[in-house]
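Line order of the protein sequences matches chains A and B. In case it helps, our numbering puts the first sequence at residues 1 to 279. In case it helps, our numbering puts the second sequence at residues 1001 to 1136.
Among the clues, some could well be false.
As the list claims (entries may be wrong) - Now the in silico label distances, taken between C-beta atoms and shown as ranges:
| no. | chain 1 | residue 1 | chain 2 | residue 2 | range |
| --- | --- | --- | --- | --- | --- |
| 1 | A | 41 | B | 1094 | 15 to 25 Å |
| 2 | A | 19 | B | 1033 | 43 to 53 Å |
| 3 | A | 66 | B | 1091 | 26 to 36 Å |
Honestly, the hints are just simulated from the structure, not real lab data. Ideal Cβ positions, reconstructed from N, Cα and C, are used throughout, including at glycine.
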Amino acid sequence: MNNDVYAFALKSTLDEIQSICPDVSNTFIFKDGKILAKGETTNEKTVNSTINAFDAITERADTIGGLETVTIQGANGRVNIACMNDFYLTTVLSKKADEKYVNTLTRVLIPTVIKLVEKIHPASTDDETLTVDLEPAEDEAAEEDADSAEDSENEPAEEETVTTEPTEEQETPEVDDEPLLPEPPVTQFIVENLGGLLVPSDTVRIDKSVITEWNDLYSDKKIEEVDVETLDGKKTRCKFKHIKDSKHKGKGIIRMPEKIQLTLETAKGELVMVKPVVE
Amino acid sequence: MGKKKRSIHETATTVIVDDETDVTSVEEDQVFTDLSKSLAEIRKRDGVVGYILRSTSSATIDLKEPEKIVEYAILSSQVLDSSREMSDLFDLGDVKSILIEGKEIKALCVVIGENKISIFMENNADHADILKRVSP
């Protein structure tokens, strides 16, 4: 996973910890000898020196089964370096700090944030988005017609009001641009054909449960489009609706008009990755 | 050079290394002697696997696994050096104690004047109580 995603989430967490615990003078997180995130008040040079000093101990710690935690009690304060999910959290406390409170806070918050980031950002994707001009649907095979026409008739009227046009060169929002939003989750689906005279050629159908998860995750944001990407890296952006037909629900499929399949150079039975476009 | 060996614990070997010029100073160092006695008692506790006591002129080592003396001694020395470095970086003042925890063993290092103590123990041992016992 991209470390930038961790960095953003962890930096915010560290700043929060320092703001609610003023006796925490420095905080930072590192992994594999590199700084991942640090609090506002923490100097980068100091961090690097600390990491070097810590690594020197780590290199000699095989005899105790590898190093997990270091706590240094000085006359004026304390340094604690603790391993959490392969990340090392360093906190520097003043002498008067409530150590139990800080430990409770950090040992709950940091692992939770790490797990949360892992959960909402299960896979990284290429930032380049290939957007195509979608044209009206063409006639589909007869066997698809009946099925899809039925689907279309069952669609609620309000779902047809999705009007946002796909825009060219519209990029996936980056973490820095949307500092309070988690990275859009990527979900894999198997392509299933979708056809019919009444079926819009620029709209895919996705399980309602997945759409609900997106809406829960971005409760304040409108999600009107998705980015669909093949394993070969072909991408397109299109509208989406939920699957109405019960026989296609909960099977991990994305129903896709032929036009989009052609654009993506994919076909029925192949895997694609889908992530919501959060505006 | 006077080199003495004394068995403090049945299952371990205690080695006292004296510098030739400081043979008598060890006996004169009351703190070192008191610490040696305290550590010998602590060594008998469940979960304590050994200790290293160093002063400027002497060292006492008592470990359950004598073949690991060098590894433990190097680790102990590195912990004290790195801790002093980190203490300087964050302006913590004199280092009083250091606890390092590994997957199998943890080590409590304490600096008392010129004496540096490293006590190795299993992870479930009560290091806080041991720290109280050795602290002045």
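Going down the list of hints, with the structure as the test:
no. : hint                       : verdict
1   : A:41 to B:1094: 15 to 25 Å : holds (23 Å)
2   : A:19 to B:1033: 43 to 53 Å : holds (50 Å)
3   : A:66 to B:1091: 26 to 36 Å : holds (29 Å)
The structure fails none of the hints (numbered hints given earlier).
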